[in-house]
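Here UniProt numbering is used: position 193 in the sequence shown is 193, and no number is missing along the way.
In case anyone wonders, no lab produced these hints; they're calculated from the structure. Quick caveat, the model's predicted, so the values are computed rather than measured. Be aware that one or more of the hints could be misleading.
[Unchecked claim] Distance windows between CB atoms, simulated:
id	residue 1	residue 2	range
1	P10	R106	29 to 35 Å
2	A28	E3	33 to 39 Å
3	D102	P10	34 to 40 Å
4	G26	M1	18 to 24 Å
Glycine is no exception: its CB is placed at the ideal position from the N, C-alpha and C atoms.
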Amino acid sequence: MHEARDLLTPAAFEGVVATVRDNNPGMARRTAERVTEEGLKLVAAAAKFPEVNVRPSRLVDEGWHALILHTAVYAELCGRLGHFVHHHPDPPGGTAAGSDPDAFVRTVAVIEEAGFSADEDLWRGPSATRAEADGLDEGLAGGPDGGLVGAAAGPRRKPRPSSPGGCGTTSCGSSCGSSCGSGGGGCGGGGGGD
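Please take these sequences and the hints and turn them into a complete structure.
If you want it as structure tokens, here you go:
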């Protein structure tokens, strides 16, 4: 099995972890590291198997979003992986809950097929309660409503198919979709991210 941390330099990994924690006040460092690792695994799996419809849980979405915010790091990573995994926000009004009940099982299988071991605690489904979050890590939950904080607490929409010219992969069913384009860090294939 591969180690997701090896996909980034230690400094880049630490930067993404810091962004996850900044977006989720009160999240324990180890939880932010796990969330970042799963986000990296998701991107690696989506790049390796662009024809497979994958999507992250809300927690893993936090890691992917934080990674995307580090644009140079993300572009370089996707270039090394051979496909740029684009992020496409969904149109407002839908909900991902129940739209594809097998999505997380399929995504975990693709992550494992890509050579990683999935952290199944972070792949529970489109939402996590305070009790579930507290069971993972004391610092995982803590929003005013007792649930997740940051982007993980917001409403989620159903995925949107990739834009014309994309590879057709829809990733990130918790709040977004993605498509892959071949080539380096450019925008080959689908449209730009958010």
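Consistency of the hints with the structure:
1. P10 x R106: 29 to 35 Å: Distance hint for P10, R106 holds at roughly 31 Å.
2. A28 x E3: 33 to 39 Å: 20 Å Cβ-Cβ, so the 33 to 39 Å window is violated.
3. D102 x P10: 34 to 40 Å: holds, 36 Å
4. G26 x M1: 18 to 24 Å: Distance hint for G26, M1 is violated at roughly 31 Å.
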